[in-house]
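Visitor: So the chains spell out like this:
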Amino acid sequence: MKNNHPLKTFFFPSLTTGFILRLVVIAALAVVLFTYVLIPFKINGQSMEPTYQNGRMNFCWRPAYLFSPPGRHDIVAVRFAGRHIMLLKRVVGLEGDTVEFRDGDLFINREKLAEPYVRYPCNWNLAPRTVKKGNIYVVGDNRDVPIHTHDFGQTPIKRVLGAPLW
Amino acid sequence: MVKKIVITVIAVIAAVAAYTFIVETEEDKVKKQFERVAELAEKEAGETNLAMANKSRQIGAMVTDPVTVTIPEYHASGSYPRQEITRRMAMGRTRFKQLSLEFFDLSVTIIDDTSADARVTAQVTGKKLNNQPFEGTHELRCRLNKVEDEWLFNQVEVVDVLEK
Numbered sequence: 003m004k005n006n007h008p009l010k011t012f013f014f015p016s017l018t019t020g021f022i023l024r025l026v027v028i029a030a031l032a033v034v035l036f037t038y039v040l041i042p043f044k045i046n047g048q049s050m051e052p053t054y055q056n057g058r059m060n061f062c063w064r065p066a067y068l069f070s071p072p073g074r075h076d077i078v079a080v081r082f083a084g085r086h087i088m089l090l091k092r093v094v095g096l097e098g099d100t101v102e103f104r105d106g107d108l109f110i111n112r113e114k115l116a117e118p119y120v121r122y123p124c125n126w127n128l129a130p131r132t133v134k135k136g137n138i139y140v141v142g143d144n145r146d147v148p149i150h151t152h153d154f155g156q157t158p159i160k161r162v163l164g165a166p167l168w
Numbered sequence: 002m003v004k005k006i007v008i009t010v011i012a013v014i015a016a017v018a019a020y021t022f023i024v025e026t027e028e029d030k031v032k033k034q035f036e037r038v039a040e041l042a043e044k045e046a047g048e049t050n051l052a053m054a055n056k057s058r059q060i061g062a063m064v065t066d067p068v069t070v071t072i073p074e075y076h077a078s079g080s081y082p083r084q085e086i087t088r089r090m091a092m093g094r095t096r097f098k099q100l101s102l103e104f105f106d107l108s109v110t111i112i113d114d115t116s117a118d119a120r121v122t123a124q125v126t127g128k129k130l131n132n133q134p135f136e137g138t139h140e141l142r143c144r145l146n147k148v149e150d151e152w153l154f155n156q157v158e159v160v161d162v163l164e165k
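If you read the sequences in order, they're chains E and P.
Read in order, the letters of the first sequence are residues 3 to 168 in the numbering used here.
Read in order, the letters of the second sequence are residues 2 to 165 in the numbering used here.
Honestly, the hints are just simulated from the structure, not real lab data.
Just so you know, nobody snuck in bad clues.
Result set (DSS-like, lysine-lysine): computed pairs, CA atoms no more than 30 Å apart in a straight line:
#: 1; chain 1: E; residue 1: 44; chain 2: P; residue 2: 129
#: 2; chain 1: P; residue 1: 32; chain 2: P; residue 2: 128
#: 3; chain 1: E; residue 1: 114; chain 2: P; residue 2: 165
#: 4; chain 1: E; residue 1: 44; chain 2: P; residue 2: 32
#: 5; chain 1: P; residue 1: 128; chain 2: P; residue 2: 98
Hey, can you work out the whole structure from these sequences and the hints?
Guide: This is the structure we're talking about:
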């Protein structure tokens, strides 16, 4: 006797040619989507707190900077050798800018930058430096750590993989 | 029809898998060296001095004599004899209770019969002696030379991803 219960058909479909083709196409699209367009990642670390909490999931939206370079205050994913490990940082300086920290305040081109996203005070000091051509200067939002333990600095724009989806 | 498709797909997968397992390319040999380094770098709590010395010696044997190491963050660059690498490996291990090294996104370019370039992300995690967790991630650029049918590390450079 043939059982056509919808739930059973959904979980145990008949292996028809159409079904197999649909399955292959969906699997291939999912691989392409989650490998090249929307890369899932888990935040590991407190560098971007309180904006991004440790342990949360997100996606890296690759086409974010397909037609325009990252702008100031944007949050970007910076790659290492590949896509498996990325740094999530905020862009504070663009090419040609002079970046400097004075008693915890960030100065861009000798003017204090308003940073409402930085909630924890810090006492960082860093001598002025110029962002090279083709580079951006990135820093994490959580500066409540000694300056030498926080990963920040300038990096080539070509290392930017994309932006977090939310 | 469906049966034929399924059989064809299985046959193709089996053929690709068999080829991958049977044929070991030079690229695979280089990748195996990284796997071996990761294995040897692993340290469990309570590692004996003998095990530590043995692992450090084996890592030392995987580099050319001398090997060039460049770490821009510490303004350190130099050519070190194999013995020095072994000694520094052993010294470094004593600072940690537990250590684990993982490599990600390894890409290998075979330049010629005796040299290859590799780029990889290395992530070290572990516990310091005071039980504080430790984590470090770096991009590495390596040059390996083939010596007596074995790929040995000739240059290791830590790439400055973020330049302060």
